[in-house]
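Please work from the sequences and hints to get the whole structure.
Protein chains in written order, with the UniProt record's numbering: chain W, 1 to 277; chain V, 1 to 285.
Simulated from the structure, these hints should not be mistaken for laboratory data.
Be a bit skeptical, because a hint or two may be false.
[What the hints assert, rightly or not] Chain V is faced by these chain W residues, among others (derived, beta-carbon under 10 angstroms):
| no. | residue |
| --- | --- |
| 1 | ASP96 |
| 2 | LEU100 |
| 3 | GLY101 |
| 4 | SER130 |
| 5 | ASP134 |
| 6 | SER138 |
For each residue, glycine too, the CB sits at the ideal point set by N, CA and C.
As a plain string of letters, each chain reads:
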Amino acid sequence: MSTSPIVTFDAATLAFGSRVLWQELNLQVRPGEFLAVLGPNGSGKTSFINTMLGTTALNSGTVSIAGAPVRRGSNLVGLIPQQRPFGDNVPLRARDLVALGVDGNRPGIRIARKAVHTKVDQLLELVGASAYADRPVSDLSGGEQQRLRAAQALAGDPRVLLCDEPLLSLDLHHQQAISQVIHRQAAQHGAAVIFVTHEINPILPYVDRVLYLAEGKFHLGSVDEVMQSSVLSRLYGAPVEVLRVNGRIVVVSGDGQRQLPPDGHEHAEDATRESGK
Amino acid sequence: MNFADFIDRTLNFDDYGLLLPLVSNSLIAGAALGIVGGLIGIFIMMRDMAFAVHGIAELSFAGAAFALLIGVDVVTGSVAGSLIAALVLGVLGTRAKDRNSITGVLMPFGLGLGILFLSLYEGRSANKFGLLTGQIVAVDDVQLGGMLALCAVVVLALILIWRPLTFASVDPVLANARGVRTGGLSIIFMVILALAVAVAIQVVGALLVLALLITPAAAALRISSNPALTVILAIVFAEISVLGGILLALAGSLPISPYVTTISFVIYLVCRGVEALRSPRKHQV
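Right under this line is the structure:
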């Protein structure tokens, strides 16, 4: 496996108006590496992903993929977005949705139906969605839909797999299945994974490094280096405590009264799920 | 009016053979419009734009009324009106929520303008009513040529952008990330939609455009999720509605639009029924 970086941020700064999300970010992600990106809402996690998709421009600095400047629609990059329900009026079966991931950006109508059909069958198999290949997408559960999103993202065998909270609102079973599919792309195909999440625990076994964004600052390092009381307290400018319970990471605010998800962001639903598991 | 009179006025096949040749142009125009309605209807449904279509239709009506008033071609007037409406919606209403409020603002203004122009118009009153409720009974060869050309433009343009438009309509975030120009496509779609609305108005009138652009596709989506099959069904439903409507209208002395809208509504009801019988599970949620 090559050790030259696949994603390189060089002195990158992103701001919306006068609000600086992060600045002077230097980051190199190697092939096969699994990078978790954590941080509270509004810390620029999704924008971070968008800079690598080429849909959001940096204010200064550069980001390159495989040594070339980011280009929108590049086949080197795959995206698994947040789960979002499809309306009732979507005339697509599971396989049609995945097919859009294969060639949906090409003009005209689909001519090479057979080739796409075969490719889609392989992708569905890869993510364990073959059983509902012909069901309408609007009938599928959130977890089933996210497997299709993973299949879409893997269609181009991407070198960089960008994941924007792909596990949000999924049950534990689907969380694990989808994390595994993503991990496999890193481990077996040498793709770099950049995984934005509120919840580090489902992906803890796979994470190589953590990028933590908060209050216009960031911290980069291994899980053990970043997920520490002193580091997170400094990022937030307020006392935060990081606890380890049965191999899981729990972040609580400094007074010990409230439990926060590992990104330090309060979210009633997350908190209950955290304690319920 | 008693029931026998009603039947006599709505369904009277006495002179049917004599009347049929008179509507051959209308049938050709209707058939072309059926294809357009079925195709574009699927995208209107996917993009959740039924209300916007109604708004475009009202401005198209205003344009047609203005054309009538100043004595130029009515089709040109309605194309101009709907293009203006579509571009305003395309530029200002990129999000569904904005689009709905802008449509709500635009629609009464368009209708008001249309009524103003018609009040000032001193020609045949049948022309006035026709713009709102349909006037296909007399399509001359020149008009037919124009309508067919517009339909061809709509169909060809839709085929050219079919895949990326589908992608952008169901999944804008991912489509955008995969390099689809979602913003540009949505403007192009609005222009195509404006042309389709302008043609449809010539057949069923501004108030009833939805019966051909929405109802057939909505019905098809109730009974299939196969993308190719929904398109075919939507076209078939639209054809049955418009051709059936024209043929039945010959047998009465009423405008064609009540026949067209009734047939398309019945098809929709049947499709909902089929859906309910097939998957009662879906309606319990």
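Hint check:
no.: 1; hint: ASP96; in the structure: holds, 5 angstroms
no.: 2; hint: LEU100; in the structure: holds, 5 angstroms
no.: 3; hint: GLY101; in the structure: holds, 7 angstroms
no.: 4; hint: SER130; in the structure: violated, 17 angstroms
no.: 5; hint: ASP134; in the structure: holds, 8 angstroms
no.: 6; hint: SER138; in the structure: holds, 7 angstroms
Violated hint: 4 only; the structure is consistent with all others.
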